[in-house]
Amino acid sequence: MMLQALPSALPSASGDPLLEVNDLVVEYPVGAKIVHAVSGVSLQIARGETLGLVGESGCGKSTLGRAVLQLRRPTSGQVLFDGQDLTAMHGDALRLMRRRVQLIFQDPIASLNPRRKIGDIVAEPLVISGVKDSAKREELVYEVLSAVGLDPNLVVGRLPHEFSGGQCQRICIARALILNPEFIVCDEPVSALDVSIRAQILNLLEEMKARFGLTLLFIAHDLAVVKAVSDRVAVMYLGRLCEVGPSEQLFASPAHPYTELLIEAIPVPDPDVRPAETVPVGEPPSPIAPPSGCRFRTRCPRADQRCRDEIPELRAVAPGQLVACHHPLV
Amino acid sequence: MTERTLLSVEDVSVELPTPRGNLRAVDRVDLTVGAGRTLGVVGESGCGKTMLSRAILQLLPKKAKLSGRVMFDGQDLLQLSPERLRRLRGRSLAVVFQDPMTSLNPVLTIGTQLIETLQEHLELDEATAKKRSVELLAAVGIPAPEQRLVQYPHQLSGGMRQRVAIAIALSCEPKLLIADEPTTALDVTIQAQILDLLAREQRRRHMAMILITHDLGVVAGRTDEVAVMYAGRVVERAPTPALFKKMRMPYTEALLAALPRIDAAPHTPLPAISGRPPDPTRPLQGCSFSPRCRYAVARCHAEKPALTEAESREHQFACFHPIEIHAGAGA
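Chains as they are written, first to last, in the numbering used here: chain A, 1 to 330; chain B, 1 to 331.
Everything hinted at is true.
Short derived list, chain A residues pointing at chain B, Cβ under 8 Å:
id : residue
1  : S247
2  : E248
3  : L261
4  : L262
5  : E283
Everything labelled a hint here was simulated from the structure, so no lab data went into it.
Glycine residues also receive a C-beta, built at the ideal position from the N, C-alpha and C atoms.
Between the sequences and the hints, there should be enough to build the whole structure, so can you do that?
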């Protein structure tokens with residue numbers, strides 16, 4: 001495996017995008033109705049960057065992650081990976097491209113086949129990609145298991161049920177890394193883990209990112225977790241992006257009322273910080289019948305007639321910070 | 001504590017038989033909750049916090065062995081007949097579980113489940129019970145409560161279902177509400193709403209509450225006192241401000257330090273706790289946290305520290321090498 005140096009400067013989206021998503025739409029039928037899971041999302045991720053994607057359950061963040069990898073084919077829109085449009089690729093071309101991208105799921109135990117030995121699970125991507133030399137495979141498996149902090153000799157012959165959730169997530173990360181990918185979608189990788197284990201896995205992801213020069217799309221509902229690992233953060237609500245910006249800036253001066261609400265709702269582990277008085281109201285509407293105009297308007301204290309009539313477009317409010325709101329906070 | 005003691009858990013242990021030997025889920029726990037007060041019980045999965053709540057409610061699995069004493073409102077719950085216990089539970093001792101989908105009956109309407117509880121415990125007639133149900137649903141913030149009565153749990157969102165579960169728990173004006181991870185299955189915005197709802201109803205009814213959670217952020221702003229559990233034992237117990245400001249137990253410190261903070265800069269490495277909790281079927285001779293503790297010395301591996309008092313009687317910790325106050329908290 002190659003050791004690559006990370007770009008030292010904070011990568012910006014304008015730099016060298018590895019991934020570019022243009023006006024992505026994902027809709028799927030439920031009975032006679034249509035779920036508008038992702039409705040016209042555009043974003044870029046620079047090489048070596050981590051983009052955090054946050055939102056409540058059902059906002060379409062996982063669907064977006066899968067549509068990027070073509071695990072669910074988008075209804076329309078473009079996904080450019082290293083300049084090539086994945087949505088136009090099929091068959092072998094797409095399979096070859098997939099070696100460069102990987103996915104890590106929320107439930108590490110469920111994403112490992114309970115009947116297969118860890119050594120075989122981690123080697124599987126090598127087998128699929130045609131590495132026929134079994135000694136070479138074993139060497140790579142040992143190398144990657146050590147990299148994620150497991151002792152290969154104690155691990156390869158055992159079955160997933162013999163491991164805790166945190167260890168299983170390490171195994172999933174090893175499997176994702178073994179083909180030396182450039183881009184990994186992490187879909188809620190730590191939300192099933194306990195606090196003490198969560199920190200271990202977050203640190204491991206950061207370490208692996210630096211060591212293997214990865215670019216990450218980090219999907220989570222926990223803003224503090226997202227902030228810990230992301231260079232930039234995108235906030236999603238009911239299928240649309242509300243706000244995108246550099247992590248520090250977005251948390252220090254959120255421009256979208258929804259971003260502010262999410263930040264205020266986080267319980268702070270400090271008894272001197274009283275829970276926010278401005279309690280968020282209500283629940284997100286159904287993505288089957290999203291509200292007209294701005295989709296957040298039904299819960300927004302600033303909403304007016306314009307928000308009902310006009311869909312707000314993403315526009316810059318500060319360098320690198322984009323917001324889709326008619327009445328932004330900054 | 002100035003308030004009258006409502007619940008006292010005295011030397012309670014719970015053992016569960018497993019194929020690999022007995023699992024000591026709760027290990028000699030002592031706790032008290034005053035009337036109208038909130039106790040937070042914090043710990044990671046498998047630390048015994050849920051088994052402790054089930055021991056209080058006498059809802060343990062059949063094979064579990066319980067020892068010790070649970071005094072609630074002047075009665076020893078372990079000595080009560082099943083019939084008297086059943087009358088107590090749901091009436092003065094109520095519970096809200098983590099997953100409102102499994103705690104509500106999926107084939108009964110919301111109305112049936114609420115009205116049933118009211119009729120059973122308060123012996124109200126159907127019309128009065130129905131009227132009360134509508135009031136309760138409105139009180140927990142459910143819009144159009146009359147229409148909800150005829151709906152089934154699956155027709156409601158997770159947040160709404162948890163509101164219904166809370167309405168049922170509150171219906172008979174309990175003296176103590178045990179909320180076992182009530183917001184873990186919910187989104188952060190809904191979590192804030194539910195926690196506010198619980199706090200508001202608690203104040204209004206002067207009800208005591210045990211808030212069980214793995215999230216130190218949840219207990220910080222919303223409890224009077226906190227007990228931190230690790231491997232079945234209470235390892236630190238203190239009034240909430242003291243626990244966060246003057247923690248003595250290294251596990252508490254490590255747990256707090258491992259939390260990603262919203263005010264930290266991105267890419268700050270987290271002081272993770274190495275290793276993982278011990279196997280509960282193979283109890284350690286010494287302090288259960290010693291294999292992961294950065295302060296551990298030989299004595300910690302050989303001997304179990306007892307809960308000892310810090311500067312006040314309310315603040316107790318189980319550690320031979322407590323964190324010195326003034327040395328500064330955080331790793």
